[in-house]
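Model the full structure from these sequences, guided by the hints.
Just so we're aligned: the sequence shown equals residues -20 to -1, 1 to 315 in mature numbering (1 follows the signal peptide of the UniProt record, and there is no 0).
It should be emphasised that the hints constitute simulated quantities derived from the structure, not laboratory data. Positions of the beta carbon are idealized from the N, C-alpha and C atoms, including for glycine. Warning: the hint list may mix true and false statements.
Stated by the list, open to error - Derived DSBU-like pairs (lysine-lysine); straight-line CA-CA distance at most 35 Å:
1) Lys170 with Lys81
2) Lys248 with Lys11
3) Lys74 with Lys86
4) Lys142 with Lys112
5) Lys35 with Lys197
6) Lys233 with Lys153
7) Lys11 with Lys227
8) Lys149 with Lys11
9) Lys86 with Lys35
10) Lys97 with Lys56
11) Lys35 with Lys112
12) Lys248 with Lys227
13) Lys153 with Lys141
14) Lys86 with Lys227
15) Lys141 with Lys81
As the list claims (entries may be wrong) - Pair by pair, the computed Cβ-Cβ distance ranges are:
16) Tyr24 with Glu145: 36 to 42 Å
17) Gln152 with Trp213: 31 to 37 Å
18) Glu118 with Leu189: 17 to 23 Å
19) Asp60 with Asp125: 31 to 37 Å
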Amino acid sequence: MKNFLIILTIFVISATKIEAEDSFSGNIESKRFCPPSNSSTCQYVPFYVVSDSTKIQSDNYEITSAKRDENVKGFKFFYDGDGLNPNVEFLPIKLSQFFPKLMFYKVNYQGIKSIKKVNFEGLTSLENLELKDNEIVEIAPGTFDDLYQLRSLNLFNNKLKKIDEFLLKNNQKLLSIDISMNQISELAPKTFENQQELKELSIWSCGLLAIDENLFKNLNKLEELDLRYNEFWQLPVEVFNGLKNVKFINLSKNKITYLDERIFNENKNLEKISLYQNRIHALSSKTFDGLKKLIIIDLGWNKCIDKRYGSWDKDELLSQSKINEMKTDLDRDCK
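Rendered as structure tokens:
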């Protein structure tokens, strides 16, 4: 019995030590912040800056050392090391109890592995959320439900393989979304259903194999769509039909072999299209009919476009569309 009590005491002490490994410290500093969606509105705001000595390796860590301060508008982690910070694997929970008026949340180059609703619960004033260059594998359903004022979401360069179809259902004021450099091979048709104010969408280098024809259906205010470095072979003919105001579509460095000549019919405000480094070998000149605002078409580094398989004619296209720059050469850069 005596030996059992000694072992139990050692176990309790050991367990207490593990819990005590997490640590947290920070200071309030004035930081300049420029919203990605509107760089002309840069401002200095009070940020709570978490020091690089902080260690969070529990997914239920609560801040206890900070005082409630409604004047704090920003929250960020400081890290000056190389690579990712190995000491921070999770975000603190219930942050709104201390900083209920947060507008900016910036946690980059940490080792964040997953996020859930309790990390952002109550942050109803948050406008900009930046979690790029982490190791996020999973975002739990409902994580962003309280972020009604969110304008910009940056999840660049994580390890996401899936995004819940209704993850953004309450984030109807989003202007900018970047989910590039993840491992998302497929996006559900309703992923962006409620983002009718969206202006910029970046989904490059995600390994997307295909796109549902309804994915962009409601994005009638979108101006820039970046889909480069994916794995598309072809695209549904109606995939861009909802993009009434899009100015730039980047489809470079995919594996596209064929484009239906009607694919850009509804994109009357298009100014630039990049199809650089695909595998296109046949293209109809009608593909760009009616695009009166088109300035640049980049078709460099495709297969030789063979007139036997399409009515392509560079001079005719330049004449019809009044394009003043065309980065392509039908006699070179063949793959």
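CB of Gln152 to CB of Trp213, is that within 31 to 37 Å?
33 Å, holds
With respect to the beta-carbon atoms only, verify the hint that Asp60 and Asp125 lie 31 to 37 Å apart.
With a Cβ separation near 34 Å, Asp60 and Asp125 satisfy 31 to 37 Å, so the hint holds.
Between Lys97 and Lys56, does the CA-CA distance stay at or below 35 Å?
Measuring from Cα to Cα gives roughly 18 Å; hence the hint holds.
If you draw a straight line from the CA of Lys248 to the CA of Lys227, is it 35 Å or shorter?
Since the Cα atoms of Lys248 and Lys227 sit roughly 9 Å apart, the hinted pair holds (cutoff 35 Å).
Between the alpha carbons of Lys141 and Lys81, is the straight-line distance 35 Å or under?
With a Cα-Cα distance of about 32 Å, the restraint between Lys141 and Lys81 holds, given a limit of 35 Å.
Below or equal to 35 Å on CA atoms is what counts here, so check Lys170 against Lys81.
30 Å, holds
For the range 17 to 23 Å, tell me whether the beta carbons of Glu118 and Leu189 fit it or not.
21 Å, holds
Given a hint of 36 to 42 Å, does the C-beta separation of Tyr24 and Glu145 actually sit inside it?
38 Å, holds
Can you confirm whether the C-alpha distance between Lys142 and Lys112 stays at or below 35 Å?
Status holds; Cα separation ~16 Å.
Holds or violated: Lys35 and Lys197, Cα atoms, limit 35 Å.
Violated - the C-alpha atoms of Lys197 and Lys35 are around 43 Å apart, more than 35 Å.
Next pair to validate is Lys86 with Lys35; report whether the Cα-Cα distance is within 35 Å.
17 Å, holds
So if I understand the rule, the pair passes when the alpha-carbon distance is 35 Å or less; does Lys74 with Lys86 pass?
16 Å, holds
In terms of the numbered hints stated before, the structure departs from hints 2 and 5, listed from lowest to highest.
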